[in-house]
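Fit chain Z to the supplied structure of chain C, relying on the hints for placement.
One-letter residues, chain by chain:
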Amino acid sequence: QQPVQSPQAVILREGEDAVINCSSSKALYSVHWYRQKHGEAPVFLMILLKGGEQKGHDKISASFNEKKQQSSLYLTASQLSYSGTYFCGTEREDRGSTLGRLYFGRGTQLTVWP
Amino acid sequence: SAVISQKPSRDICQRGTSLTIQCQVDSQVTMMFWYRQQPGQSLTLIATANQGSEATYESGFVIDKFPISRPNLTFSTLTVSNLSPEDSSIYLCSVVALTKNIQYFGAGTRLSVL
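Chains C and Z, in that order, give the protein sequences. Everything in the first sequence is counted per our numbering, starting at 1 for the first residue and increasing by one. Everything in the second sequence is counted per our numbering, starting at 1 for the first residue and increasing by one.
Some hints could be false.
Derived pair list, reagent style DMTMM-like, types lysine to aspartate or glutamate, alpha-carbon separation capped at 20 Å [as the list claims (entries may be wrong)]:
| no. | chain 1 | residue 1 | chain 2 | residue 2 |
| --- | --- | --- | --- | --- |
| 1 | Z | Lys-7 | C | Glu-40 |
| 2 | C | Lys-68 | C | Glu-40 |
| 3 | C | Lys-26 | Z | Glu-58 |
| 4 | C | Lys-50 | C | Glu-14 |
| 5 | Z | Lys-100 | C | Asp-17 |
If you're looking for bench data, these hints aren't it; they were derived computationally from the structure. Nothing here was measured: the structure is a model prediction, and the numbers come from that model.
Just chain C, with the same shape it has in the complex:
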């Protein structure tokens, strides 16, 4: 029931772009993206709801393909502050009224070098 994230790790130079993918074998209600820096709490980036539009702010955006149960996070013109581990959390549609329960992928470690 854990979504699959890829790639496991990405190394970038400042200004380069990256894409992180998240896929589930279960029908999803929403996908949540977080960034976690070492020793800190996960920080919410964005949520994509079933039937919603592609979201984005600043140079980070994401999409959700409901038919394929896949989501992608797009990081453009990366900055040093983007370094960290990115997790997708999936909210399954089959859990009915118990929405809010998130199942996380293994994470993608992103390192941005100057």
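For chain Z alone, kept in the frame of chain C given last:
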């Protein structure tokens, strides 16, 4: 966003003892959850903390080992009982705000069991 206070931030415990972790949020929230994150790993959902009733546990987690209370809308506790070294991990609480379907995480409690 909700401000979450989690205590203690870290603890070292002896095998066979128990540790109770507190989670306090500064505003009323709809849902509260408890997660475990082993070093360098993903987040695993332990249970949903239900106000005034028994928590809902995920597969692999049981009430005797992880008793949870939620006496009101802003406070919850997780107890990790009969500690063993395998319980060494980071435990995080999360909350879902009333107005948005966004889940925020506390800073976590780093538990080491000797």
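Okay, the hints, checked on the actual structure:
no. : hint                    : in the structure
1   : Lys-7(Z) to Glu-40(C)   : holds, 15 Å
2   : Lys-68(C) to Glu-40(C)  : violated, 32 Å
3   : Lys-26(C) to Glu-58(Z)  : holds, 17 Å
4   : Lys-50(C) to Glu-14(C)  : violated, 33 Å
5   : Lys-100(Z) to Asp-17(C) : violated, 30 Å
Violation of the numbered hints given earlier is confined to hints 2, 4 and 5; the remaining hints are satisfied by the structure.
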